[in-house]
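**Q** Sequence:
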Amino acid sequence: MNSPADSLRRAPAAEPPAAHDHAARAGTLDELRRIIRRIENSRPPRPAPEPVERIVGGELVDTGQGPLLVVRREYPLSHQHGRLALAHALDVSPSVLELIARAGEAPADARGLLFLDTETTGLAGGTGTYAFLVGAGYVEGDRFVVVQHFMRDFDEEPALLAALHPLLEGASGLVTFNGAGFDVPLLETRFVLARRRWPGTLAHVDLLRPARRVWSARFPDCRLTTLEREVLGLIRDNDVPGALIPALYFDFLRSRRAAPLARVFAHNCDDVLSLAALLGWFTRALDGGANPPLGAGELAGLGRLWERADPERGVACYRQALAAGLERQLFPGLQIEAAGAGGFDLQPWEELAKYHEHRRRDVAAARAVVVEALALARAAAASPRFFDALTHRLARLERRLGLAGRVGG
52 MNSPADSLRR APAAEPPAAH DHAARAGTLD ELRRIIRRIE NSRPPRPAPE PVERIVGGEL
112 VDTGQGPLLV VRREYPLSHQ HGRLALAHAL DVSPSVLELI ARAGEAPADA RGLLFLDTET
172 TGLAGGTGTY AFLVGAGYVE GDRFVVVQHF MRDFDEEPAL LAALHPLLEG ASGLVTFNGA
232 GFDVPLLETR FVLARRRWPG TLAHVDLLRP ARRVWSARFP DCRLTTLERE VLGLIRDNDV
292 PGALIPALYF DFLRSRRAAP LARVFAHNCD DVLSLAALLG WFTRALDGGA NPPLGAGELA
352 GLGRLWERAD PERGVACYRQ ALAAGLERQL FPGLQIEAAG AGGFDLQPWE ELAKYHEHRR
412 RDVAAARAVV VEALALARAA AASPRFFDAL THRLARLERR LGLAGRVGG
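Sequential numbering from 52 applies to the sequence shown in our numbering.
A hint or two may mislead.
Said to hold, decoys possible - Taking CB as the label site, the calculated pair distances span:
# : residue 1 : residue 2 : range
1 : 252       : 442       : 48 to 58 Å
2 : 411       : 175       : 43 to 53 Å
3 : 370       : 110       : 50 to 60 Å
4 : 338       : 435       : 40 to 50 Å
5 : 360       : 243       : 26 to 36 Å
6 : 79        : 317       : 52 to 62 Å
7 : 399       : 317       : 37 to 47 Å
8 : 435       : 178       : 20 to 30 Å
These aren't lab readings, by the way, just hints derived from the structure by calculation.
These figures come from a predicted structure and were not determined experimentally.
Virtual Cβ for every residue (Gly too), placed ideally from N, Cα, C.
Between the sequences and the hints, there should be enough to build the whole structure, so can you do that?
**A** See the structure below:
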């Protein structure tokens with residue numbers, strides 16, 4: 052007969068509750084993993100991002116230094132970019148090129164010009180900044196061609212520079228907008244770092260310089276998009292702001308999603324076309340061709356461009372500016388502003404008086420300007436030093452006119 056103790060010894064030991072729970076959880080996890088794998092295996096594979104060349108309409112070209120994406124667009128010379136046809140850029144005379152180029156850098160042949168614009172990985176420049184998209188425009192027969200060179204990753208820079216080199220070597224000169232301060236130094240740096248020779252003798256027309264002379268007093272800024280809108284009559288559709296372009300490129304490098312880059316390519320192409328149209332505007336304005344009516348401020352700006360190269364033409368522009376109401380256009384609300392805000396700016400009145408006295412040889416007109424300035428200075432309670440300068444100038448002018456003793460009258 053078995054004792055109760057023997058029965059207890061023969062009974063299987065009970066499984067600890069904790070171990071049982073752990074095994075149950077492990078089984079549940081295994082089952083969930085099997086379910087997830089079945090779902091993943093039944094889901095269609097994620098499509099690969101569409102290649103950038105298909106998005107922007109380009110092709111891969113063998114440059115001898117590796118493949119490079121190149122986009123080529125052609126336009127008839129009659130193509131209107133805003134108000135102006137591209138053909139007007141070809142009418143530019145050597146004298147106009149010399150006038151708007153930096154000293155000693157005027158290109159000799161308008162048909163050999165290369166219109167250049169870059170899109171970069173940053174706006175500060177320096178050795179860490181790359182030009183990932185370079186647009187180049189030039190005339191080929193009866194067409195204006197825009198060729199865009201794009202590196203899909205940083206290791207394609209040698210191919211990009213190799214593709215650019217023959218274009219630069221064959222150009223009679225460059226046309227840029229702020230290229231002297233940014234695009235050209237950046238490309239020179241990239242060429243040097245790649246141990247490639249930069250064509251150092253290239254003539255260069257940076258359109259920002261003459262643009263500032265003509266429009267700085269008329270527009271709040273001289274950005275290319277401002278001049279497109281105000282001068283060329285062009286408003287871009289769905290344009291991407293330039294400040295966002297580096298971020299879009301870096302996003303492409305991470306994700307390989309090329310669709311957002313279509314707007315970057317369009318932005319760059321518009322920049323190149325605007326360079327040609329803007330050069331056409333200067334060609335017509337400075338060579339006396341028909342233009343949309345020029346305002347007094349623009350005429351005065353053209354006078355500043357001509358002043359040193361051809362003083363007679365400069366004076367003619369100034370006279371046209373005055374006849375078109377230069378004083379009213381440059382200082383339209385000065386009297387109200389001076390009286391209401393308590394401010395007075397002496398410089399424009401002094402410059403206008405100097406212009407009448409020394410350029411036009413019209414001392415009476417110079418005196419009238421000073422008399423008006425004195426009245427405005429009184430209304431604005433201007434600084435005594437302004438009164439001293441104006442009364443001194445007025446006394447001298449009246450001595451020349453034989454009107455001594457009539458200061459302020």
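**Q** Run every hint past the structure and note whether it holds.
**A** Hint-by-hint comparison with the structure:
| no. | hint | result |
| --- | --- | --- |
| 1 | 252 <-> 442: 48 to 58 Å | holds (55 Å) |
| 2 | 411 <-> 175: 43 to 53 Å | holds (46 Å) |
| 3 | 370 <-> 110: 50 to 60 Å | holds (55 Å) |
| 4 | 338 <-> 435: 40 to 50 Å | holds (48 Å) |
| 5 | 360 <-> 243: 26 to 36 Å | holds (34 Å) |
| 6 | 79 <-> 317: 52 to 62 Å | holds (55 Å) |
| 7 | 399 <-> 317: 37 to 47 Å | holds (41 Å) |
| 8 | 435 <-> 178: 20 to 30 Å | violated (53 Å) |
Figure legend: structure checked against the earlier numbered hints; the only hint not met is number 8.
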